[in-house]
Every structure is written in structure tokens, then in C-alpha cells.
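Same order as they appear, the protein sequences are chains D and H.
Numbering-wise, the first sequence is residues 119 to 231 according to my numbering.
Numbering-wise, the second sequence is residues -10 to 102 according to my numbering.
Certain hints may be false.
Unchecked claim - Heads up, simulated PhoX-like pairs for lysine-lysine below, C-alpha to C-alpha not over 25 Å straight-line:
hint, chain 1, residue 1, chain 2, residue 2
1, D, K137, D, K162
2, D, K185, H, K89
3, H, K89, H, K26
4, D, K158, H, K57
5, H, K11, D, K154
6, D, K137, H, K47
7, D, K185, H, K26
8, D, K170, H, K89
9, D, K162, H, K60
10, H, K47, D, K158
11, H, K46, D, K154
12, D, K162, H, K26
13, H, K31, D, K140
14, H, K26, D, K159
15, D, K127, H, K57
16, D, K140, H, K57
17, D, K137, H, K60
18, H, K31, H, K60
19, D, K159, H, K60
20, D, K158, H, K31
21, D, K189, H, K60
22, D, K162, H, K57
Claimed, not checked - Cβ pair distances, simulated, as ranges:
hint, chain 1, residue 1, chain 2, residue 2, range
23, D, A121, H, N42, 34 to 42 Å
24, H, V9, D, F160, 38 to 46 Å
25, H, G30, D, E176, 19 to 27 Å
26, H, D6, D, N180, 43 to 51 Å
27, H, Q70, D, L229, 41 to 49 Å
28, D, K162, H, L29, 41 to 49 Å
29, H, Q70, D, Q213, 43 to 51 Å
30, D, T120, H, I51, 21 to 29 Å
31, H, K31, D, S183, 38 to 46 Å
Because the hints were derived from the structure by calculation, they are not lab data.
Backbone N, C-alpha and C fix where the C-beta goes; we use that ideal spot for every residue, glycine too.
Residue strings, one per chain:
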Amino acid sequence: DTAVSQTPKYLVTQMGNDKSIKCEQNLGHDTMYWYKQDSKKFLKIMFSYNNKELIINETVPNRFSPKSPDKAHLNLHINSLELGDSAVYFCASSQFGSKETQYFGPGTRLLVL
Amino acid sequence: GENVEQHPSTLSVQEGDSAVIKCTYSDSASNYFPWYKQELGKGPQLIIDIRSNVGEKKDQRIAVTLNKTAKHFSLHITETQPEDSAVYFCAALYTGTASKLTFGTGTRLQVTL
């Protein structure tokens, strides 16, 4: 009965590769997010989707492309991975317009070698 | 945009003592202030939140206070226990054209026996 789940949990890959991270929520929320947490634990929003529509796109390199096939899923595809992409990526979800509490997934630890 | 500052960055207390973490925010339009606890290897988990029309909220050993005039909010944990050891994040929700949660830089709380 996991509320927000992400796959994979760990991802180790070489520079230049392309990889995807998947996120699913079963809370019935209409808004989903991707956050990046760097080595200093700083959490920063990358993208937000509401009802499959992109509503927040922070200053993220265009090598990062989110895709939301439906309200319950938000995937993140990263092209041409760089060393600086190594971080923990968190997916979150909320219900827009109500309390807007965001619920986070367990994270995907990405290591680029 | 919103800017959230959080202090201290690390906090060590003895079991049974109280812990206080303070945050300030910059945007007076922010109206929702959640606190998250992040344990090692896990995603941030909401522990308490407060809306701007409330000055204080309590949930067992945890309380949050908000001073809208000064743009300060604080987390208070009483009777700390070893399982309270974690990284704590404050956040402020800025509801502009798209709701955006801005996090503080985190406080690593260590509760010693």
C-alpha cells in the first residue's frame, strides 16, 4: 500500500548514458513533482505536473525531460548523463487547491561514473 | 521567488532535552509551512504543518509556531528520543501561478543517550 513509489531505488551508470526513473502514486492526487537532493542534502524542485500538464519547470538542463502519461505517473528521462547529475531524485505528489501537502517517494540514488 | 533560511545546520541534544529549529521566509504571500523529517536513506516525511491563519500547532511532542509579521516559524521537539535523530526540513509554500514548495537547507538533529 505504498503511497508514492519510485523505481529504481539505485542507479549506477556511466557518463554519456541515457536513463529513466519512474514514479507512481496511488493517493489519487492530481499534481506530481520531481526534486533533486544534492550531496549537501539541499532539496530543490525540478518539475511539477498538474493533470498531466507541466506547470513548474525550474532552470533544469534540457537533458532532463519529464513525462506524465497519466495523473498517477510521472517519469524522468535524463540524456547524456554527467557527473554532476549524481544525486538523489525524489518524486512527490499532492492535491492541488486543498491543503497541498506533498508526499514524497523513497528516492532514487543516481551515481554517474 | 521565495527564499527560506534554516538554523542551525546541526543540533546535538541529550535524550529528554528539547530541540528548537528556526526558519525564516522572504515572501509574505507564502501561506503554508510544513516540516519534514528525513531519516537516512528515506524520503522526507511530513511531521507537522501550519497555515498562515494559525499561530501555533501541537501534535504530542512536536509543536510549530508561526510569526507572520516577522516571517519566522519554528519547530519545537520536547522530550527528545534517539529515534528523533534525523535531518529536519522546513518549507514554505508560495502560491503564485503554480504552487511551489521551497525548502530550507536542513538541520541534522542528533539525540544522544
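Numbers of the earlier hints that this structure fails to satisfy, in rising order: Numbers 4, 6, 7, 10, 11, 15, 16, 17, 18, 21, 23, 24, 27, 28, 29, 31, in rising order.
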